[in-house]
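Make the complex out of the two chains shown on their own, each in a separate frame, by following the hints.
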Amino acid sequence: MSEQTETPTSAESADAAGLFDRWDALRERESFSILGAIAFVVVFPMIFTNLPAYNGYMSLVELIYIWAIFAIGFDLLLGYTGLLSFGHAVFWGGSAYAAGLFSANFYGEPLLMVLVATATAVVLALIIGVLSLRRGGIYFAILTLAFGQMMYFLALGPLGGITGGEDGFTGVSVEPLLGVIGLDQGFAGVLGTVFHDISYVLFAGFFVLAVAVAVRIVRSPYGTIFQAIAENEQRVRFLGLNVWRYKITAFVLSGAFAGVAGGLHTIHAQYVAVGSLFWITSGDIVIITVLGGIGSVFGPVAGTVAFLYIENIVSGEIAFWLLVLGTLFVTVVWLFPAGIWGIVSSARSTVREQLSEDDS
Amino acid sequence: MSVAGSIVGFAIQTLAVSSIYILVAIGLSITLGTLKFVNFAHAAMYLAGVYVGLAVALELQFSGDLAGSIGLESFGLDLGFLAALAIVPIVTFGLGLLMERFVARPFYDRPDTDQILVTFGILLIVQELIRAFVGGRSITFSRPDWAEGAISLGPLGTYASWRLTIIGITAVLVLAVYLYIEYTDVGLAVRAGTEDAEMVNLLGIRATRPFLVIFGVGSGLAGAAGVVGGPVFSVVPEVGVGVLVPAFLVVVVGGVGSIAGSVVGGLLIGAVEVGLQMNAPTWSSVGIYALAAVVLLVRPAGLMGVVEVDE
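Protein chains in written order, with the numbering used here: chain A, 269 to 628; chain B, 107 to 417.
It should be emphasised that the hints constitute simulated quantities derived from the structure, not laboratory data.
No incorrect hints appear here.
Here are the simulated lysine to aspartate or glutamate pairs, DMTMM-like style, with alpha carbons at most 25 Å apart:
| no. | chain 1 | residue 1 | chain 2 | residue 2 |
| --- | --- | --- | --- | --- |
| 1 | B | K142 | B | D220 |
| 2 | B | K142 | A | E501 |
| 3 | B | K142 | B | D302 |
| 4 | B | K142 | A | E499 |
| 5 | B | K142 | B | E288 |
Residues on chain A that point at chain B, a partial pick, calculated with CB under 7 Å:
| no. | residue |
| --- | --- |
| 6 | L352 |
| 7 | A414 |
| 8 | Q417 |
| 9 | G425 |
| 10 | P426 |
| 11 | L590 |
| 12 | G594 |
Small disclaimer: the values here were computed from a predicted structure and weren't measured.
Beta carbons are placed, not taken as given, at the ideal position from N, Cα and C, and that holds for glycine.
Isolated chain B (complex conformation) (with noise of 0.2 Å):
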């Protein structure tokens, strides 16, 4: 294969890992950023993803007897995925909202020590009623048909589609929170909330709604998450725990409070992690946390970070 060819691989194959990491990244570091509030829950939300978007792929899946009398087997059309993923950001959106409103907003003034441990204990508890009533074994969550299969870019090698569908879904819903942020009101007290909530209070603008809208959407991408990442990663109750630390080391990389952020933050600890894997296996694990504990130390705030949510 060609040097190009082999940068392109390495680019795509760390686009693919990256996206599923800033999909989760970007509601953490949103709530981070605006409410100061550390929702280690926000893995549950991912794992919501996951398994609600396996029982809706499963359900509606066109493989089956309805798809073959209409005739759309032929086209190895599978629906099931799609479905899944419009229906389940709607879900962890309302999820999303129930969590902000009943267990987010008691702990607001509480100590950020309380948010860690009541949300690291909420998914315990998602965690193990997911054992309870699903198990604990692995289950396969298979890629959509369409989605199977390898498109040539010429001279750049062949690829998964699979890994070029994930890398574009994820440019679309991040795209759409960008602007969504940048260029709407509730967007607008999001970023001056992220700037100096009180001020914002102080201007008679109600910043719970907002919040409670940005609360959702970050619950709504880390739902997308999981239905993007299910095919991907194992489908077991570990996985979102497994999701979430990569996810807050992103965070804090990328800086806290930036979509930008998040995406550098992606995309850097998943070229750390993809090259590792491809040159040295057994440190590409290491390499990540080392990554983030140097930068860090380096630039506490962040490469890209908008706020400092220190003491």
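One chain only, chain A, in its complex shape (with noise of 0.2 Å):
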């Protein structure tokens, strides 16, 4: 997001083209990436909360942060491998209730809380993975919706007992962080008006890990074989690469991701709500996903803050919100493929290419 801070004025166009040339330099570095995380974190709820119609307070940046997490990993799948599930609510929800249930019958300290969830997530995704990866296209985005809706189903009757059924969990008990600070803590002076309370330096601090994690694994060797994969697989495999174990990879990797996310969340709600395991859900994180741009690490950051924005305040002002998502949602996908960031993205270089014109 801090890449939008270039904006030359006229005084610097004129050898526009040089600092251009050493922006890229910088942007080139992968601390760069993380940097621009933590700038995000720090300034983006007092831009946030000052949006039209914003009443709500920290909670909405929280969940903000914990779905982005979700959709980096979902993107990790979608943007970079070319894969397209339509289960992931599996991995989120699934983890979510791991976490839910390790707090209720062990001991509810968040990092373990997380720990546990991320765990599950990594071993559903190993199942589920191995199962839906035997097939390509579109019956893994069928398979994926089978698995997806089978342990939805699973939570909802035969594992009602332990889930909640159609009630939710509710009997999560989240404790102090290390078993000393209290996540409601707040701090002062200037240091509060930045970071809140521990909840908020909990969820920022996964925010940035997440990102810094998905920009390591997206520049290692490892993520450029995923791109080569989604853009031909056939000719990594005749390249002698094992097709197979880097989707497997990619799936459990976003498997996790959506675990972190999922077990963050119940410590954000303090209860698990069966919908989260719902098609709906995968769904929604395609949306999310998509919208903002894919095959870039802040496309879906961006994707993220559009949707929970429209969800959670225009619908207050728009009955008919999900009718200006789907339509929103169609025309990115149909005229758009890049998304929020690709169209961001693309003004910047319109905007690039006209200074350095004016320059020669």
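In structure tokens, the structure reads:
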């Protein structure tokens, strides 16, 4: 997001080209994305809470970080590896239940809950991934959808005794962080205006971590092969690489991100709804990621901000907000496959070309 | 009840549930087989069938004043439902043509993920439009008067005539479409297109026209399914997806591109659903997904698969 700060004034446009080159070199660095994410969590709440008709408090901002982690992970699969899963709610909801059940039956330390949630998601992703990845394309989408719905109905019916069935799981008990620091403990002074309380630091911290890990994966040789698979699977196979191994890795990695997010959501909401496993949740994460722009780390973040803003704020003004969202979604798929982030990027390069032309 | 009786009872219930899945699945299966087009918006055709059908049935029902004035009332004749069954497939056939021309065609050459995404978005829009104009609450789509009551099959038991009606209507529609695909030129082109779309184009047959027609036929069947399913399932905007997902399972279980596959897949899914509903109700929804997953893993092309739509 911090990339938007790039708006050279007329005085600077003289050696704009040189500046741009330096800017590009800076952006290429991995630490740039991480610093960008840190800057984002510092600045974002102040900007966001001043948006029109905003009437919540930090809760929605925290929710955005949690969903953004989910979306970033989902994009590793859809945007980078080219696999469209319609059952990712399993990893989000399944890990949310795992975190909730762990806190109720053992000990509700937040980091432990996230750990248990992530481990659960990884196991689920391994099982479902091994089964679904036998087929590609639409079969993969339908298989993941089928496994997702199966888990939903399992939680709703046969496992209702443990999950609370239709009522959801209400027994969540979140203990202080590391046993001593209460999540609702606030900060004093300047620190307080920026970081609010410990829970904000927890969610924002995991968000920054997720960005850092995702950037690392994407920049690694492994991530490059993901992208090569999305572009031309056959070519990768002919190169002698085991495509299936990379696909299952991408699937499990994206499941792990969803697990972290699901665990955090249980800590945030202190409740697990059975709807978190429903196919609509899988649809939501597809919409979020595509809306924001696939194949970039910040696209899904932009999508999350837009989706949650429409879902929570705009819905108060417009009764049929889903109609707005649906239309927006179809427009993006049809005309702007690069999503919101892609529109921002292309606008930026247009401005840049303009400036470079003025220069020469 | 005798053993034979309970078998017949199970079969009739299964056939009734399967009918609706089969009608929706055929359109999905053919477009997937011939055009390699993944159509989540097919559920919108079912929804159109339900809501347009309901409107037609309410407007034209003969239990009204008009029916009374010409004495049809005494027969308990309710032609509103039959009128809906005649009109709705024509309407959804037209919608299918529009859908093919303006949505599907621009997306044939794009990745299948884009097709899934755009049709999913359109389904969302249709669902929300219905919610905006009709409302989200459940509406009653009552059965026609003539299908109330029960029919006795002698020693085999007595069954709701409504179930038998659904089965009859489905059988006629499926048979008609089967004959159409099997014995007409359009059907020939479609079947050839299922085998090798490129070759059909090379032979100089403009595959677009049969494909357009087949898209319409599939949509017509989904519309008919909406009319038939209206009185069976609840009438809410979300019911489209509720039927679409099992229909997709029918397609993958039966095998893509074949009408017989849709029938077999539909019967299998229906049998599992009904069987579990009778014996272990909480497992019935889990069961159909498990069945689909198992079939796909053991026989990836489906039980009667004609084509691979992979990669």
